[in-house]
Amino acid sequence: MNAFSQNCFEQCWHCAEKPCPRFVDCVQLGQQCACSDESAHRLEHYKRALLMIEHDVPVVLVGMGTCGLANGAQQIHDAILAEAQARDLYVSVIPVGCVGYCAREVIVDIKLPGRPRISYAQVTLRDVPALVERTLIGGEVIEDKLLGLYSLDGAPDWSGMPLLAEDSFFRKQKKINLENCGVIDPESIDQYLARGGYAGLSRVLLSRSSQNVIDDVLTAGLRGRGGGGFPTGKKWQFAHDQKADKKYLICNADEGDPGAFMDRALLEGDPHRVVEGMIIAAYAIGATYGYIYCRAEYPLAIRRLEKTLQEARAYGLLGRNILGSGFSFDMRIKKGAGAFVCGEETALIHSIEGRRGMPRPRPPFPAVSGLFGKPTVINNVETYANVSTIFKNSPEWYAAIGTQTSKGTKIFALSGNVCNVGLVEVPMGTTLREIIFDIGGGIPDGKTFKAVQIGGPSGGALPEQVIDTPVDYESLKEVGAMMGSGGLVVMDQDTCMVDLAKYFMTFIQSESCGKCIPCREGTLRLLEILERLTRSHRDENTQEDALLRFQGMVYLERLASVIQDTSLCGLGQTAANPVLSTLHYFRDEYEAHLYERVCPAGACRELLTFHIDTDRCNGCGVCARKCPEQAIVGEKKKAHYIIDDKCIRCDQCRVNCNFEAIYVN
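Numbering-wise, numbering that gives the first Met the number 0 puts 30 at position 31 of the sequence shown, and it's gapless, one number per residue.
None of these hints come from the bench; they were simulated from the model.
These numbers come from a predicted model, not from an experiment.
Built from N, CA and C at the ideal position, the CB exists for glycine as well.
Heads up, a few of these hints could be off.
[Said to hold, decoys possible] Dumping the calculated PhoX-like pairs for lysine-lysine here, alpha-carbon to alpha-carbon at most 25 Å:
| hint | residue 1 | residue 2 |
| --- | --- | --- |
| 1 | K514 | K373 |
| 2 | K446 | K245 |
| 3 | K306 | K334 |
| 4 | K476 | K446 |
| 5 | K245 | K334 |
| 6 | K373 | K334 |
| 7 | K446 | K233 |
| 8 | K144 | K174 |
| 9 | K625 | K635 |
| 10 | K645 | K635 |
| 11 | K514 | K333 |
| 12 | K373 | K242 |
| 13 | K446 | K171 |
| 14 | K245 | K233 |
| 15 | K625 | K637 |
| 16 | K625 | K636 |
| 17 | K333 | K245 |
| 18 | K476 | K171 |
| 19 | K171 | K144 |
| 20 | K476 | K173 |
| 21 | K514 | K334 |
| 22 | K233 | K476 |
| 23 | K645 | K625 |
| 24 | K333 | K373 |
[Said to hold, decoys possible] Using C-beta positions, here's what the derived DEER-type ranges look like:
| hint | residue 1 | residue 2 | range |
| --- | --- | --- | --- |
| 25 | N657 | D493 | 19 to 25 Å |
| 26 | Q492 | V561 | 30 to 36 Å |
| 27 | A398 | N320 | 40 to 46 Å |
| 28 | S208 | Y502 | 46 to 52 Å |
| 29 | L124 | D493 | 29 to 35 Å |
| 30 | Y594 | Q492 | 47 to 53 Å |
| 31 | A602 | N211 | 53 to 59 Å |
From just these sequences and the hints, can you work out the full model?
Below you can see the structure in the form of structure tokens.
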């Protein structure tokens, strides 16, 4: 590719558009600019796409990621279209991805010509007529629905309105990989180009060798965002140095951790960023074909990815001789069946090959012998998004963000008992307290914070005494957790940590591939120990049952350590982390379950004891009629009593009591 082609991509001298709408044709011709009269139809198409970004026509953008759709975004989108048509208004209604504020869905943005973009939150069907009448027609801001303005430029009469960036949810975020999510149409390559998309790829193919690209990634300090944080540049270097007739590239979009939805949101909101990062990675290692391994439970992400690949091929950004550089690369989507173990590299490779998803011993590592026995690089969705960001800006710019050993930003899926559930992107080094309380808004209903599970089943539960830990790879390991893919599940005072460990062990045990004994049998033994701890004493028929409960507690840590040391893959090696972290920080809860046979949080139903407050009970008999075991006795209009040995802890008595006379210990 020559200097003329580079200039044509950066800014066409003929039409003054940036990037040139016909840059692909310019590159292919190499000698003559294609921006001429015969390409007017293509130019008009591109200009219309730019209008949707620059907003020279009224535009309504509806957040239609999975979270928005679950809250009725499709109905609101259709209602806005119908209302605009009924009033004969010329309005563009565009589906966009999730801006991250899932707790305030459905989010609808309106951009009037020459005015700042307005973002409305928690929009319902009843709000649609007002949005059209007051904002689209009247140019008025509806304050009780306002989330914020994107800026104040060009609207002096809106000067008293809050800015979106000043909202507590966004104030401490640094959106670089999520900058387009919820802002542009994810199914429009033209809108991605208008925001500087594929410029990094162009510079790479024009001026950088494959080794230069790897060196740039090493300079940036990018580490894999899928779990362990292995340096991305080193992984690429291993594959680059291998001599092979064919190499492969894989994007791991399996995302099986409970409470994690970062990859899904990126693929739904800005899929071109991920594809661009994959093409750059393929160029760096010399790969000619790639796979996006995405779980079939993400139908919207898959549909938008398919459209993305089609558009990239049509624009000459994917396929043969990309941008006239002589480099060829193509990819396809491989749907996964939702097996947690297929998040492990070698199991994922087996699944793509059509075999059962089971890990294999390493070495050889996939970078040496991976898919179909060829050198293969596997990174996750967020890692490839970071690659695009690095080459859009510069490695030095990227390396200036974060900490000494953990560069850039990290996307977290914030969920659980927190006010502002959603997707957040913060610089590495931001503390857990800042994420949970400053961005997340703290714990709802006036309850107290108890713990946060970070890193999914492979991570750990961290209590308040370490909540000021910065989120970087080394700091989290020091407190017994790991970054993982980025799930953050917040728990309040009503969460039982023994029950939490049992939940994760149930998940891990059911998802174990069963290949190695430590993971297959060890996690089952851990689960059995936890089940004994949360089981009622009424179910212990013999002294042997009680002895097994005590013996299990004695061997709990030892068994967990054996599983860590001897399991075949990384998933098995981290399987016991939830048990070890909760045992380390919440041993008193384990001891209460073991010795006192009570659950301090009141979450383990079998350990609860139901009582009737005789001063409140008036003998109405509702509780007795609702009890399926006839465990409640008493005379009419006199205080009733619960026979504890017959009570099955179904909670129907307390739920149906109209006088709050039933309480639980």
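Results of checking the hints against the structure:
1. K514 - K373: holds (24 Å)
2. K446 - K245: Judged against 25 Å, a Cα distance of about 57 Å means the pair is violated.
3. K306 - K334: holds (15 Å)
4. K476 - K446: violated (28 Å)
5. K245 - K334: holds (23 Å)
6. K373 - K334: With a Cα-Cα distance of about 21 Å, the restraint between K373 and K334 holds, given a limit of 25 Å.
7. K446 - K233: Violated - the C-alpha atoms of K233 and K446 are around 45 Å apart, more than 25 Å.
8. K144 - K174: Distance ~24 Å between K144 and K174 Cα, so the pair holds.
9. K625 - K635: holds (15 Å)
10. K645 - K635: holds (21 Å)
11. K514 - K333: At roughly 24 Å apart (the allowed maximum being 25 Å), K333 and K514 satisfy the hint.
12. K373 - K242: holds (10 Å)
13. K446 - K171: Roughly 24 Å separates the two Cα atoms, so the pair holds.
14. K245 - K233: Holds. K245 to K233 sits at ~20 Å (cutoff 25 Å).
15. K625 - K637: holds (17 Å)
16. K625 - K636: Cα-Cα ~17 Å, so holds.
17. K333 - K245: holds (19 Å)
18. K476 - K171: holds (24 Å)
19. K171 - K144: Answer holds: K171 to K144 is near 22 Å, not above 25 Å.
20. K476 - K173: holds (24 Å)
21. K514 - K334: holds (23 Å)
22. K233 - K476: holds (21 Å)
23. K645 - K625: holds (14 Å)
24. K333 - K373: holds (18 Å)
25. N657 - D493: 19 to 25 Å: Given about 23 Å between the Cβ atoms, the range holds.
26. Q492 - V561: 30 to 36 Å: holds (33 Å)
27. A398 - N320: 40 to 46 Å: At roughly 33 Å between Cβ atoms, N320 and A398 fall outside 40 to 46 Å, so the hint is violated.
28. S208 - Y502: 46 to 52 Å: holds (50 Å)
29. L124 - D493: 29 to 35 Å: holds (34 Å)
30. Y594 - Q492: 47 to 53 Å: violated (21 Å)
31. A602 - N211: 53 to 59 Å: holds (55 Å)
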